[in-house]
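Line order of the protein sequences matches chains C and D. Numbering follows numbering that gives the first Met the number 0, in which position 339 of the first sequence is assigned residue number 338; successive positions increment by one, without gaps. Numbering follows numbering that gives the first Met the number 0, in which position 201 of the second sequence is assigned residue number 200; successive positions increment by one, without gaps.
No lab work stands behind these hints: they were computed from the structure. Any given hint could turn out to be false.
Stated by the list, open to error - DEER-style ranges, computed between Cβ atoms:
| hint | chain 1 | residue 1 | chain 2 | residue 2 | range |
| --- | --- | --- | --- | --- | --- |
| 1 | D | SER196 | C | ASP191 | 38 to 48 Å |
| 2 | C | ALA231 | D | VAL419 | 35 to 45 Å |
| 3 | C | ASN53 | D | LEU30 | 54 to 64 Å |
| 4 | C | ASN53 | D | GLY71 | 45 to 55 Å |
| 5 | D | ASN72 | C | TYR314 | 26 to 36 Å |
| 6 | D | LEU30 | C | GLU41 | 32 to 42 Å |
| 7 | D | SER196 | C | GLY185 | 45 to 55 Å |
| 8 | D | ASP484 | C | GLU41 | 50 to 60 Å |
What the hints assert, rightly or not - Capping the alpha-carbon separation at 20 Å, the derived lysine to any residue pairs in SDA-like fashion look like this:
| hint | chain 1 | residue 1 | chain 2 | residue 2 |
| --- | --- | --- | --- | --- |
| 9 | C | LYS70 | D | TYR436 |
| 10 | C | LYS320 | D | GLY104 |
| 11 | C | LYS37 | D | ALA523 |
| 12 | C | LYS320 | D | LYS443 |
| 13 | C | LYS320 | D | PRO91 |
| 14 | C | LYS230 | D | TYR436 |
| 15 | D | LYS443 | C | ASP35 |
| 16 | C | LYS138 | D | PRO435 |
Claimed, not checked - Far from chain D, some chain C residues (derived; all Cβ distances over 10 Å):
| hint | residue |
| --- | --- |
| 17 | GLU96 |
| 18 | ALA99 |
| 19 | LYS152 |
| 20 | ASN196 |
| 21 | TYR200 |
| 22 | ILE308 |
Here a beta-carbon is modelled for each residue, glycine too, at the ideal position from N, C-alpha and C.
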Amino acid sequence: MVQIKKLTLATVAGLFVANSVMATELTVYTAVEAEDLKRYAEEFNKAHPDIKINWVRDSTGIVTAKLLAEKNNPQADVIWGLAATSLLLMKSEGMLEPYAPKGVEKLDKKFVDKSTPPTWTGMDAWVASVCFNTVEGEKLGLKAPTSWKDLTKPEYKGHVIMPNPNSSGTGFLDVSSWLQMFGEEGGWEYMDALHENIARYTHSGSKPCKLAAAGEIPIGISFAFRGAKSKAEGAPLDIIVPEEGVGWDMEATAIVAGTPNMEAAKTLVDWTVTKEANVMYNTGYAVVAYPGVAKPVEFFPENLLEKMIDNDFEYAANNRKAILEEWQKRYDSKSEAKS
Amino acid sequence: MSVTTPDELPKGRPLALKLGRDDLMMRGFILVIALYLIITLAFPLYAMLSKAFSAFHFDLSQIELQVSDAEGNFDGTILSAAALNEKLGTIPEDEIATSSDGRLGLTPLFPDFSFRSPVLYKIRGTTDDTVYLVGSDRITGTEWREVDSNTFRRIVLRPVKSVGLSNFTTYFSTPSLFRSIENSLFISIISTIVTVSLAFGFAYALSRSCMRLKGVFRLIAMAPILVPSLLPGIALVYLFGNQGMLKEVMMGESIYGPYGIVMGSVFFTFPHAFIIITTALAISDARLYEAAVSLRASAWKTFWTVTIPGARYGLISAAFVVFNLVITDFGLPKVIGGQYNMLAVDIYKQVIGQQNFEMGAVVSVVLLMPAFIAFAVDRQVQKKQVALLSARSVVFEPKPDRKFDRICFAYCSLIAIFIVGILAVCQFAALVKFWPYDLSLSLKNYNFDVMDGGGWEAYGNSIKLGLLTAFFGTIVVFIGAYMVDKTRSFRTGRGLFQFLAMLPMAIPGMVLGLAYIFFFNDPANPLNFLYGSMAILVIVTITHFYTVSHLTAVTALKQMDGEFESVAASLKQPFYKLFARVTVPVCMPSILDIAIYLFVNAMTTVSAVVFLYSTDTALASIAVLNMDDAGDVAPAAAMGMMIFYTNAAARIIHLAVSKGILKRTQAWRRR
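With the hints as extra help, turn the sequences into a complete structure.
Below is the structure:
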């Protein structure tokens with residue numbers, strides 16, 4: 000019991016100490032991979048040692064849910080690294096502070112919100128891809144698919160896995176890109192056919208590729224970054240960029256309206272659009288907002304950039320609810336494996 | 000005027016118990032703890048219910064429009080969007096009802112709309128707080144705004160809030176959501192039948208045979224309680240998945256779905272059923288068996304006429320407990336459910352995946368129903384169970400019977416292999432480098448810090464949560480139980496308290512967690528500061544596991560004679576002295592039981608905390624879920640096994656401490 004008391008005392012004391020050390024602290028919400036966060040904060044503190052970042056990290060869905068739930072009582076100062084589609088949702092709720100970071104004009108226009116001043120700026124793109132396990136593929140006698148349409152061929156029945164767009168941002172960008180590429184009708188027809196081959200829908204967007212890496216299901220619809228990582232770990236994977244084009248979303252940055260630390264928040268957001276920051280994003284992401292910075296990433300498919308579709312984020316954000324409802328109606332109920 | 004006759008005594012004040020200082024203090028304590036339960040249980044549930052009825056719809060009457068001719072000249076006619084829709088009916092009722100993030104375009108109101116047409120539109124709100132979006136830009140106010148046709152198609156409305164049943168209508172008209180009720184009931188019933196039968200056999204063998212290694216079997220049977228419910232799911236993937244070690248056994252059927260959920264459910268509910276049935280079998284009266292033997296009843300007949308009826312309340316109780324555990328569990332179907340939707344997972348999908356909090360609340364209300372019914376029936380049954388005990392019962396002592404003992408041993412071994420096998424597979428999975436391509440062993444999966452879920456810090460947090468929950472929870476629960484049990488009169492207050500203390504058992508963890516978001520994350524709530532802290536995790540865990548702890552405390556206290564209080568009172572000793580010097584030491588074994596119960600559950604719970612943890616308070620059990628979700632299945636297994644070892648160690652410490660304390664404080668029990 001004494002031990003426990005000491006422990007509580009120690010934590011309480013620890014909290015006080017932590018609060019009094021730094022001058023400004025920013026609460027930053029993010030969906031960036033856990034392993035990258037430390038690096039991001041370190042790089043930023045090299046330039047601005049007086050601002051401390053307190054990360055609140057979770058998957059895209061959860062961070063989005065959290066921000067929306069806190070709409071009337073925002074806890075975050077800055078959002079650094081959340082899907083642009085999520086930020087659009089927040090923008091239309093009036094939750095973001097419009098601000099043009101210093102040097103924003105140097106960024107690729109595609110990566111900056113069209114309003115003036117912009118409410119968000121993009122960092123890097125995450126791009127859909129197909130992970131194909133060559134070992135299992137050979138065992139099952141499957142040829143590597145080269146296009147989205149290939150995936151609907153009967154030989155792939157039960158060998159394809161993709162994320163559920165209702166719970167995964169990656170899943171949603173796939174669906175919205177198909178609807179944009181093939182048109183509303185064609186898109187749904189395509190998904191009807193694809194659905195016949197899908198083994199199941201996962202909750203998260205990286206899982207299909209990891210399952211493909213582990214040979215559980217030979218073909219996983221996921222994103223390129225994840226595939227490259229698994230391949231680097233030694234998984235027998237081919238990362239395929241379907242020839243019709245691939246959907247993508249970007250990670251973006253914004254200031255939360257009503258933050259009491261506006262100056263520090265602006266300093267941080269100014270820094271996030273600098274060249275140094277973009278070089279830093281490039282470690283994991285082959286496509287970044289600052290033109291001319293990107294170096295090729297190991298195991299990343301080469302033709303990815305030209306295959307990225309001209310994504311209409313506004314369409315995706317404003318039709319999100321309708322698309323998800325339709326998807327659920329079509330595939331969520333009938334897809335159960337009835338025993 | 001009343002007339003008093005001399006042979007009648009004058010009417011005095013009605014007789015009432017005089018309240019001493021002690022009584023007032025004890026009532027004060029009851030009120031404080033009752034208040035705690037009201038704030039942490041009743042208010043959040045109310046907040047959730049009101050959320051379920053807060054619906055969203057598009058208010059067309061807020062929008063007014065003007066349309067120009069082909070040259071772009073307006074004639075000044077103002078059209079109300081609502082009136083237009085009434086006339087045309089192009090936006091049906093079920094599209095008007097929506098959820099918080101719905102969007103509605105206005106083009107259906109103009110059947111001849113074309114984005115290429117030169118026609119111009121003017122739009123304005125009718126009130127100052129009307130909001131509509133042009134693309135993603137938010138426009139408010141009543142000013143006319145002129146747009147061309149191509150921009151007009153980008154104008155969408157945001158929903159406004161109202162109160163109504165429309166969420167429920169939507170729920171019951173969405174087959175994929177509605178189907179989950181059927182699925183949840185189906186899985187729960189099957190799992191209940193299987194688990195209760197298996198656990199009955201196991202308990203029967205342990206209490207009615209003379210086989211060896213009973214102690215070992217008992218230990219193994221309890222092991223699943225020490226791991227999160229989703230861990231068996233991970234093991235089943237390794238065993239029966241497409242790359243599974245034993246996938247041939249499945250004969251082409253997929254483990255992802257009902258098979259997996261049922262198998263995993265049997266694993267994690269087995270100990271719960273086993274404990275209850277063992278207790279039920281233990282109170283069977285040996286005299287009945289003697290009677291059966293002397294009446295020359297066959298063993299078979301004795302089994303059906305003596306054993307089963309004797310244990311029937313235990314069986315029913317076990318069935319309801321298992322049913323409740325399965326239907327409210329969320330981790331297991333999430334890991335291995337595949338496309339098979341269940342209610343608890345639906346709540347998660349609605350809230351986390353779609354940020355549709357209202358629909359999450361609706362599914363929660365639906366999930367409350369079966370849980371509540373099971374709970375109510377179980378309470379009735381348990382009341383009867385107590386009445387069955389008789390002071391003259393003789394304890395049944397099994398006699399050796401080689402054949403029977405051997406069958407029992409074989410059966411128990413099978414169950415034990417199943418349980419140990421699941422755990423062993425998890426441990427193996429955690430150590431293999433890259434299943435199935437690189438089977439060399441390594442500790443790389445324990446490098447949690449580079450993975451989603453919170454890393455080793457999450458593990459530390461879990462232990463902290465466990466200790467804090469055990470410490471504060473035991474204090475709150477035991478004091479609450481003491482006050483309720485020993486306070487004189489004050490019927491209403493005690494009744495209310497008893498009801499509040501029993502309620503948590505009927506509330507699924509997911510539902511409680513969601514209710515906490517609604518209640519504590521409301522900026523108007525003065526307790527808002529708790530949101531996102533470790534404190535709220537401690538509070539939700541204590542509340543979630545309140546009932547069993549409370550019952551344990553009450554049982555221990557009931558064994559103490561009320562005379563202690565009378566003696567103390569006559570010696571003019573205040574109750575707190577008695578409490579500290581006598582009650583607590585006497586009840587120490589039960590207090591330690593409560594503490595370990597809370598610790599173990601705080602380590603393994605997923606459902607109660609999944610909506611409430613923050614980055615600073617990530618937990619090990621949540622890390623298992625999130626790592627599996629991200630596809631890092633082996634590290635998830637590794638973390639799950641860390642929880643298992645921690646809980647096992649805690650159990651061993653608990654055992655040692657209990658023994659030591661028993662020696663010191665319970666010497667009086669022995670002669």
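Cross-check of the supplied hints:
| no. | hint | in the structure |
| --- | --- | --- |
| 1 | D:SER196 to C:ASP191: 38 to 48 Å | holds, 43 Å |
| 2 | C:ALA231 to D:VAL419: 35 to 45 Å | holds, 36 Å |
| 3 | C:ASN53 to D:LEU30: 54 to 64 Å | violated, 39 Å |
| 4 | C:ASN53 to D:GLY71: 45 to 55 Å | holds, 54 Å |
| 5 | D:ASN72 to C:TYR314: 26 to 36 Å | holds, 31 Å |
| 6 | D:LEU30 to C:GLU41: 32 to 42 Å | violated, 52 Å |
| 7 | D:SER196 to C:GLY185: 45 to 55 Å | holds, 53 Å |
| 8 | D:ASP484 to C:GLU41: 50 to 60 Å | holds, 57 Å |
| 9 | C:LYS70 to D:TYR436 | violated, 47 Å |
| 10 | C:LYS320 to D:GLY104 | holds, 12 Å |
| 11 | C:LYS37 to D:ALA523 | violated, 35 Å |
| 12 | C:LYS320 to D:LYS443 | violated, 41 Å |
| 13 | C:LYS320 to D:PRO91 | holds, 17 Å |
| 14 | C:LYS230 to D:TYR436 | holds, 13 Å |
| 15 | D:LYS443 to C:ASP35 | holds, 18 Å |
| 16 | C:LYS138 to D:PRO435 | holds, 14 Å |
| 17 | GLU96 | holds, 13 Å |
| 18 | ALA99 | holds, 15 Å |
| 19 | LYS152 | holds, 20 Å |
| 20 | ASN196 | holds, 14 Å |
| 21 | TYR200 | violated, 6 Å |
| 22 | ILE308 | holds, 19 Å |
In summary, the numbered hints that this structure violates are 3, 6, 9, 11, 12, 21.
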